[in-house]
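As numbered in my numbering, residues 2 to 152 make up the sequence shown, in order.
Misleading hints may appear alongside valid ones.
[To be verified] Using C-beta positions, here's what the derived DEER-type ranges look like:
hint, residue 1, residue 2, range
1, 59, 94, 30 to 38 Å
2, 56, 129, 34 to 42 Å
3, 17, 92, 14 to 22 Å
4, 76, 25, 15 to 23 Å
5, 105, 27, 18 to 26 Å
6, 106, 16, 27 to 35 Å
7, 16, 121, 18 to 26 Å
I should point out that these hints are in silico values taken from the structure, not numbers from a laboratory.
The C-beta atom is built at its ideal place from N, Cα and C for all residues, glycine as well.
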Amino acid sequence: MPTDHHRAVELLGRIPYGRVSASRRALPFTAVTRHLVLADGRLMILLHRGYDYHRALDGSVVAYEADNVGSGADHTWSVQCTGTARVIAPTPAERARFDPAPRLADGVPFEPVFLRMEPEFVTLHLLTGCRSPAVRTLREALPRAHSDGCK
């Protein structure tokens, strides 16, 4: 099982989205997030404040996972890391690296909240020789409009 910390962090830097997991009131949850890999190897995570997940994440040990599944690449990789997350106020330069931020989250204006995580345990898994098909867009995946003109 590969455990190359630097390689894993480098792979995280290639993609903008991942999933953060923790528990809230003893129930586990996972949320899709944007992330940046900072120069020192820490992660900065962007969430929608309206989900209220940041309250459960702040000061907690969290798990973060990202992968290239659905990229169409010849090799599939997955990086998992755990560490303590803290709500932070990013610098203007850090905030700008997230642009463009999502416009809406579940139909309401996206309100950003940022967390910083220092990965303490990092695991890299590689699957070779298993080209994953490229992911279709949501528009392609949804059924066609009905013949009655509904779209």
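**OP:** Could you tell me which of the hints above the structure violates, numbers in ascending order?
**Re:** Of the numbered hints, 1, 4, 5, 6 do not hold.
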